Amino acid sequence: MRIIAVLSSFIFLFLLSTDVLANASSCVQCHTNEALMKSLHKPPVITGGEEGEG
Amino acid sequence: MYKGYVVDGALVKGDPHFRMGCRLCHKGDEKGQGKEAAHKGMIKRPSDSLRTCGMCHRQIADNYSKSLHYTSAGQRNGVMPRFSKEELKTFDAKVFEKSCRSCHASCGDCHVKAPAVGGISLGLIQKHKFVKKDEGKTCAFCHGGRVYPEYTGEYGGSPDVHYQKGMTCMECHKKAEFHGDGTAYATKQAVKDRPSCGHCHKLGQEAKLTARISHQRHEGKVSCYGCHTATAYRQCQDCHLGKGAAAKPALVLGLNPRDKKTLTTLRLIPTVRETFVKDGIKMENFDALPNYWDSPVHNIRKRTDRTRSCDACHVEKAGFLNMDNMIRGGSKANQGLIMTPKPIHR
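Line order of the protein sequences matches chains A and B.
Here our numbering is used: the first residue of the first sequence is 1, the next is one more, and so on.
Here our numbering is used: the first residue of the second sequence is 55, the next is one more, and so on.
Since the hints were made in silico from the structure, they are not lab data.
Here the structure is a predicted model, which is why all the values come from computation and not from measurement.
Careful: at least some of the hints might be erroneous.
Derived lysine-lysine pairs resembling DSS-like cross-links, with alpha carbons at most 30 Å apart [stated by the list, open to error]:
{"id": "1", "chain 1": "A", "residue 1": "38", "chain 2": "B", "residue 2": "94"}
{"id": "2", "chain 1": "B", "residue 1": "81", "chain 2": "A", "residue 2": "38"}
{"id": "3", "chain 1": "B", "residue 1": "183", "chain 2": "A", "residue 2": "42"}
{"id": "4", "chain 1": "B", "residue 1": "181", "chain 2": "A", "residue 2": "38"}
{"id": "5", "chain 1": "A", "residue 1": "38", "chain 2": "B", "residue 2": "89"}
{"id": "6", "chain 1": "A", "residue 1": "38", "chain 2": "B", "residue 2": "228"}
{"id": "7", "chain 1": "B", "residue 1": "98", "chain 2": "A", "residue 2": "42"}
{"id": "8", "chain 1": "A", "residue 1": "38", "chain 2": "B", "residue 2": "148"}
{"id": "9", "chain 1": "B", "residue 1": "191", "chain 2": "B", "residue 2": "246"}
{"id": "10", "chain 1": "B", "residue 1": "187", "chain 2": "A", "residue 2": "42"}
{"id": "11", "chain 1": "B", "residue 1": "386", "chain 2": "A", "residue 2": "42"}
{"id": "12", "chain 1": "A", "residue 1": "38", "chain 2": "B", "residue 2": "314"}
{"id": "13", "chain 1": "A", "residue 1": "42", "chain 2": "B", "residue 2": "81"}
{"id": "14", "chain 1": "B", "residue 1": "242", "chain 2": "A", "residue 2": "42"}
{"id": "15", "chain 1": "A", "residue 1": "38", "chain 2": "B", "residue 2": "57"}
{"id": "16", "chain 1": "A", "residue 1": "38", "chain 2": "B", "residue 2": "246"}
{"id": "17", "chain 1": "A", "residue 1": "42", "chain 2": "B", "residue 2": "246"}
{"id": "18", "chain 1": "B", "residue 1": "152", "chain 2": "A", "residue 2": "38"}
{"id": "19", "chain 1": "A", "residue 1": "42", "chain 2": "B", "residue 2": "181"}
{"id": "20", "chain 1": "B", "residue 1": "242", "chain 2": "A", "residue 2": "38"}
{"id": "21", "chain 1": "A", "residue 1": "38", "chain 2": "B", "residue 2": "186"}
{"id": "22", "chain 1": "B", "residue 1": "242", "chain 2": "B", "residue 2": "148"}
{"id": "23", "chain 1": "A", "residue 1": "38", "chain 2": "B", "residue 2": "183"}
{"id": "24", "chain 1": "A", "residue 1": "38", "chain 2": "B", "residue 2": "386"}
{"id": "25", "chain 1": "A", "residue 1": "42", "chain 2": "B", "residue 2": "57"}
{"id": "26", "chain 1": "A", "residue 1": "42", "chain 2": "B", "residue 2": "152"}
All chains, full assembly: derive it from the sequences and hints.
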């Protein structure tokens, strides 16, 4: 059992160290698609800063 | 701007920051179908909590938690002497935590996504690349009211000579100034290793004899800015009145309120008597501090009206603070900054 646990940990760490998880992400699928982002984006309402801000 | 949400796919494959997925920092549900499901529980600005970056960059995050860019302590300590003990408690609760502190910079503001000022941001600096620096998209936004436009010459007049030579913010302001060195400084004046003209321009090594003599005569009496600030710079005339801001350009020369003996460039920081009235603070000790403060103006030139002619100061007294050009209704402490240059005996 202990060997299996150690092996599982190694496999998990291997997965983390590759881009396997990142590629599977829906975040990546959408946020690397410029056309999709453009179509979904709603410009924020600008409340307006004041002159001299900062 | 939609580009604030577009991530470079190549980065996701190559940059170690993405190896553990977006969720590590942003939370949310990576397997969620559709925008709403995927964004449930998402953290928009993960580095608002220093623990996020501190998972890997612990020392930097620890130091940064004490740096002035994070604590904003300079703003609090700068105005604090105007308050009674009770007023300070009210200020801390009603003003500092809710207003001043909201300005603190997160790690991401400098390294990932340009900060939003007045609702406007340039978005992701380089499609979510973790950049070391990009001053024009980061420093320039938060310091875009005074320092950066003065530096680039956007306000008219001359750009700073250092800018013309291709120098950006971090040529003078070093990394440790931003990340901090682990010390919780009370003000920026207390920070070690701040930029100094003398780091590059050594006294006694001037090419021209006239410059060498002039520097010797004024050393310890006039700051470098006093003579080498090129043009009028932004004075925050009505910015703190709560009626909309109206900045005006002016060169103001007077005694440094921190030592009362060095002539330097002053900037109007108009905390007026009524500034905090709506928060229940009268400022019982308003007159303890002046409205003008020493300012390292960022439009330096080798030659200015004051370096060309001694008369600019010693005869014309151009730009010198006096009772006539002083802000009306300001602090009584302003009068202590008036300095009258001595006539030259030719």
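Hints and how they fare:
1. As the CA atoms of residue 38/A and residue 94/B are separated by approximately 21 Å, the hinted pair is consistent with the 30 Å bound.
2. For the hint linking residue 81/B to residue 38/A, the alpha-carbon distance of about 23 Å falls within 30 Å, and the restraint holds.
3. For the proposed pair residue 183/B and residue 42/A, the alpha carbon gap of about 23 Å is at most 30 Å, so the pair holds.
4. With a C-alpha separation of about 14 Å, the suggested pairing of residue 181/B with residue 38/A holds against the 30 Å cut-off.
5. Under the criterion of a C-alpha separation no larger than 30 Å, the hint pairing residue 38/A with residue 89/B is consistent with the structure, at around 14 Å.
6. Straight-line distance between C-alpha atoms of residue 38/A and residue 228/B comes to about 37 Å, which puts the hinted pair past the 30 Å bound.
7. Between residue 98/B and residue 42/A the alpha-carbon distance is near 16 Å, which keeps this suggested pair within the 30 Å criterion.
8. At roughly 39 Å between alpha-carbon atoms, residue 38/A and residue 148/B are farther apart than 30 Å, so this suggested pair is violated.
9. For the proposed pair residue 191/B and residue 246/B, the alpha carbon gap of about 26 Å is at most 30 Å, so the pair holds.
10. The straight-line distance between the Cα atoms of residue 187/B and residue 42/A is roughly 28 Å, inside the 30 Å bound, and the hint therefore holds.
11. Using a Cα cut-off of 30 Å, the hinted pair residue 386/B and residue 42/A is violated, with the two alpha carbons roughly 50 Å apart.
12. A C-alpha spacing of about 56 Å is found between residue 38/A and residue 314/B, which places the hinted pair above 30 Å, so the restraint is violated.
13. As the CA atoms of residue 42/A and residue 81/B are separated by approximately 22 Å, the hinted pair is consistent with the 30 Å bound.
14. About 39 Å separates the Cα atoms of residue 242/B and residue 42/A, which puts this hinted pair outside 30 Å; it is violated.
15. For the hint pairing residue 38/A with residue 57/B, the CA-to-CA distance comes to about 8 Å; that is within 30 Å, so the pair holds.
16. This hinted pair does not check out: residue 38/A and residue 246/B have alpha carbons roughly 46 Å apart, beyond 30 Å.
17. Taking the CA atoms of residue 42/A and residue 246/B, the gap is near 45 Å; set against the 30 Å cutoff, the hint is violated.
18. Only pairs whose Cα atoms come within 30 Å are accepted, and residue 152/B paired with residue 38/A is rejected, the gap being roughly 33 Å.
19. For the proposed pair residue 42/A and residue 181/B, the alpha carbon gap of about 18 Å is at most 30 Å, so the pair holds.
20. A distance of roughly 42 Å separates the Cα atoms of residue 242/B and residue 38/A; the hinted pair therefore is violated under the 30 Å criterion.
21. With a C-alpha separation of about 27 Å, the suggested pair residue 38/A and residue 186/B falls inside the 30 Å cut-off, and the hint holds.
22. Only pairs whose Cα atoms come within 30 Å are accepted, and residue 242/B paired with residue 148/B is accepted, the gap being roughly 24 Å.
23. With a C-alpha separation of about 19 Å, the suggested pair residue 38/A and residue 183/B falls inside the 30 Å cut-off, and the hint holds.
24. A hinted pair counts as satisfied when its Cα atoms are at most 30 Å apart, and residue 38/A with residue 386/B does not qualify at roughly 55 Å.
25. With a C-alpha separation of about 12 Å, the suggested pairing of residue 42/A with residue 57/B holds against the 30 Å cut-off.
26. Our distance criterion of 30 Å between C-alpha atoms is met by residue 42/A and residue 152/B, whose separation comes to about 27 Å.
Hint compliance for this structure: hints 6, 8, 11, 12, 14, 16, 17, 18, 20, 24 are not met, and every other hint is.
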